[in-house]
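Using the sequences and the hints given, assemble the complete structure.
The sequence shown: position 9 = 4 (our numbering), numbered continuously.
Treat each hint with caution, since some may be false.
Distance ranges between label pairs, derived from CB positions [stated by the list, open to error]: (1) Thr58 <-> Pro13: 27 to 33 Å; (2) Val45 <-> Ala2: 18 to 24 Å; (3) Val(-3) <-> Gln51: 19 to 25 Å; (4) Arg35 <-> Ala5: 27 to 33 Å; (5) Ala8 <-> Glu43: 33 to 39 Å; (6) Trp41 <-> Leu19: 14 to 20 Å; (7) Val56 <-> Pro13: 22 to 28 Å; (8) Pro18 <-> Arg39: 22 to 28 Å; (9) Val(-3) <-> Arg35: 18 to 24 Å; (10) Thr27 <-> Tyr7: 18 to 24 Å; (11) Thr58 <-> Gly16: 17 to 23 Å; (12) Phe53 <-> Gly16: 18 to 24 Å.
Hints in this document: simulated from the structure, not taken from any laboratory.
Quick caveat, the model's predicted, so the values are computed rather than measured.
Ideal placement from N, C-alpha and C gives every residue a C-beta, glycine not left out.
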Amino acid sequence: MVLVALALAAKYAAFSVPTIGFPLMFVICALTTVAIDPVRRPVRRWVEVVNQTVEQVFPLVATM
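Here's what the structure looks like:
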């Protein structure tokens, strides 16, 4: 929901909302997810998830 809100704000309120770009939008969404997580997981677990995701997505990014 945060990503959709940021994307819509960037599109429809372009002159009142600064342009932050999609990479920063995804970082904001990730931090929001960590902040509202009902099960408080340790930071080490979040780092493992990020590392696994990067390993899985890297071939796709390299192809693009």
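Against the structure, the hints:
1. Thr58 <-> Pro13: 27 to 33 Å: 32 Å, holds
2. Val45 <-> Ala2: 18 to 24 Å: For Val45 and Ala2 the Cβ distance comes to about 22 Å; the hint holds.
3. Val(-3) <-> Gln51: 19 to 25 Å: 23 Å, holds
4. Arg35 <-> Ala5: 27 to 33 Å: 31 Å, holds
5. Ala8 <-> Glu43: 33 to 39 Å: 37 Å, holds
6. Trp41 <-> Leu19: 14 to 20 Å: 18 Å, holds
7. Val56 <-> Pro13: 22 to 28 Å: 26 Å, holds
8. Pro18 <-> Arg39: 22 to 28 Å: Holds, at about 24 Å.
9. Val(-3) <-> Arg35: 18 to 24 Å: Given range 18 to 24 Å: holds, Cβ gap about 19 Å.
10. Thr27 <-> Tyr7: 18 to 24 Å: 21 Å, holds
11. Thr58 <-> Gly16: 17 to 23 Å: 22 Å, holds
12. Phe53 <-> Gly16: 18 to 24 Å: Given a distance of about 21 Å, which is inside 18 to 24 Å, the answer is holds.
Consistency note: the structure conflicts with none of the earlier hints.
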